[in-house]
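Undergrad: Please model the entire structure based on the sequences and the hints provided.
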Amino acid sequence: MQIDMDCQLSDNTPPTVYLNRNWVLKETDPVGYVVERVRAEDNDQGELIYGLEPSTLNYNGNAEPQRPLPFAINSTTGVIYLNETLKGRGGQHMSLYVTVSNGIVPAKAEVYVNIQRAAGSKTGPTRSPFSNQPGNGGLIRPPILRLPSLTIPASSSQSQPQQPPSRTRLKPESASSSPGTSTSLDDRRDDAANDLETPALSSKVEPSEAPPSQDITMTLVPIAAVCALVFGLGMGVWSLRKRICASRKSKEQNKEHTSVSVSTISNDPSLDLKRWRSPKVANNRYEVWDKEAKPGARIKRDDKWEFPRHRLKKLLQPFTYILQVPGKQIRGKLAHAFNYWLKIPVEKLQAVGDITQMLHNSSLLIDDIQDNSILRRGIPVAHSIYGVASTINAANYVLFIALERVISLNHPEATQVYTEQLLELHRGQGMEIYWRDNFICPSEAEYRTMTIRKTGGLFNLAVRLMQLFSDCKEDFTPLAGILGLYFQIRDDYCNLCLQEYTENKSYCEDLSEGKFSFPIVHAIQSNADDGQVLNILRQRTKNVEVKRYCVNLLDKFGSFAYTRQILSDLDKQARQEVERLGGNPYLMAVLDELLAWKKGKNSSSET
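In terms of UniProt numbering, the sequence shown has 489 at position 489, counting the first letter as 1, and numbering is strictly consecutive.
What the hints contain is simulated information worked out from the structure, not anything from laboratory work.
For glycine and all other residues, C-beta sits at the position ideal for the given N, C-alpha and C.
Mimicking SDA-like on lysine to any residue, the simulated pairs with C-alpha atoms at most 25 Å apart in a straight line are:
| hint | residue 1 | residue 2 |
| --- | --- | --- |
| 1 | K313 | I385 |
| 2 | K314 | L403 |
| 3 | K87 | G32 |
| 4 | K343 | M588 |
| 5 | K556 | I440 |
| 6 | K343 | T477 |
| 7 | K87 | E110 |
| 8 | K515 | N543 |
| 9 | K556 | E545 |
| 10 | K333 | I366 |
| 11 | K515 | S526 |
| 12 | K542 | R377 |
| 13 | K343 | M358 |
| 14 | K348 | C472 |
| 15 | K333 | E474 |
| 16 | K87 | Y97 |
Label-pair restraints from in silico Cβ distances:
| hint | residue 1 | residue 2 | range |
| --- | --- | --- | --- |
| 17 | R241 | I385 | 48 to 58 Å |
| 18 | R39 | T85 | 19 to 29 Å |
| 19 | G558 | I392 | 31 to 41 Å |
| 20 | E545 | K473 | 51 to 61 Å |
| 21 | L52 | G232 | 52 to 62 Å |
| 22 | V325 | L595 | 16 to 26 Å |
| 23 | K242 | S384 | 46 to 56 Å |
| 24 | K343 | E545 | 51 to 61 Å |
TA: See below:
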């Protein structure tokens, strides 16, 4: 059905039309034969007027003008019937429009008519102009570009093959009928009534055979369903078999991995990976590392890169290089000291100590690159041996090894603590780099904030991870901040003041790096009119004589004396905080060890 709406100036909607759009007639159908009953609905409940219009399309394959329509329609009831004979028009095709109007908006539906020849006609078959359209079954398709259009299905199912209507005679009830009435008289009266008075009550239905395509469909559908079922069952069996085989193969491989031992990358206890219990990702499944660490882990290929997890010696060479000269392990000692209060299991304590040491050594690799350092712990820095790119990659890789170790602690808050403290550490490091690269001298308060974030962040990480497994929920943040500040200022003082520091680093390396250490910040802030220290720092000199001159300026300005006073105050504050928390002999021993700077001994802060 096609609805033409050239211009709609109101809210009125067109009627909805229901009819059969493909009419199949015979040239022997009599005048008055009911062809179709059009039914329409109007949402606005307007009075409907039915009509017919001829189409300009010619489907007969010649240039002759289309003859007048042999149909008429009752404008009130919508009954369409023949108003002239179809004799001699067998084999012709035509189209017409059925119109329905509510007085405001018309609706128009195009109908296609196929007039069949009478049986026994000697005239040759007429070619249907629609039979060559693929997939249409000889039915006439509606025009493609007749828009807008709306097709509304009839109440009967469209999936059933359309059959031409059969002729049905309707017998109206007689007011006075008797058993003795002649049958022939009734038939004649019924014929006269149907043919002359009530053409709207007659229709044409002729039985026809179901198309062969329906039989084919009825045969193919069950076959296709059976094939699909067999295929589905086969896929299910194959998938189940694959899983079983994969499980067996995995068990066999695990047995093979128990034949040969593999050495670890270092003898340092912080990287003794045999003791690790962190999960390993393999095909999105987690397996414990003990399967690799057991004696007999065998390498399938002779490949220098193929090592069990985190034993990639080539990738971790810069990291293992810095471990050959271990520091004083102060962070590990602090973890044991805090455990005097926290009392966590030994395996958790060892894991936290390993994590902090890995993060510390990883940060040293990055610091040496950022500061253009020459020595670290008395040997050349790692990036001068293995290159900047490999050193950065190794340092970052260790950060994620530490993260896996954190995950293996099996606590829901461990990863959050790790992330928060690493963010604080990098914020502090970023502040220091920004001041150095932009030659901005921070205030003492800004320096303290940076240090608590950078150095104190790693202390806080160890304490917070330990507290996750302890019943002690005391707030150790103030103590961790004091210790972090104490460590960093002590390191700054040793770098510039103690001669022995040159054995582990070059002489006054902070001056070559252009670093705003604590004594330098004091000298610049307390002597704003004297720009010598700031200018020397800007040069990033490596000249020893210039460095000595700058050290003399710092001593002259009283910066070293002020730094020693701050260190003494921080040591006192740390001891007072320890006493407030109930005392801790292990932590007191660590504080005593850190007083080496006061005695003039080698107090390198390579901890």
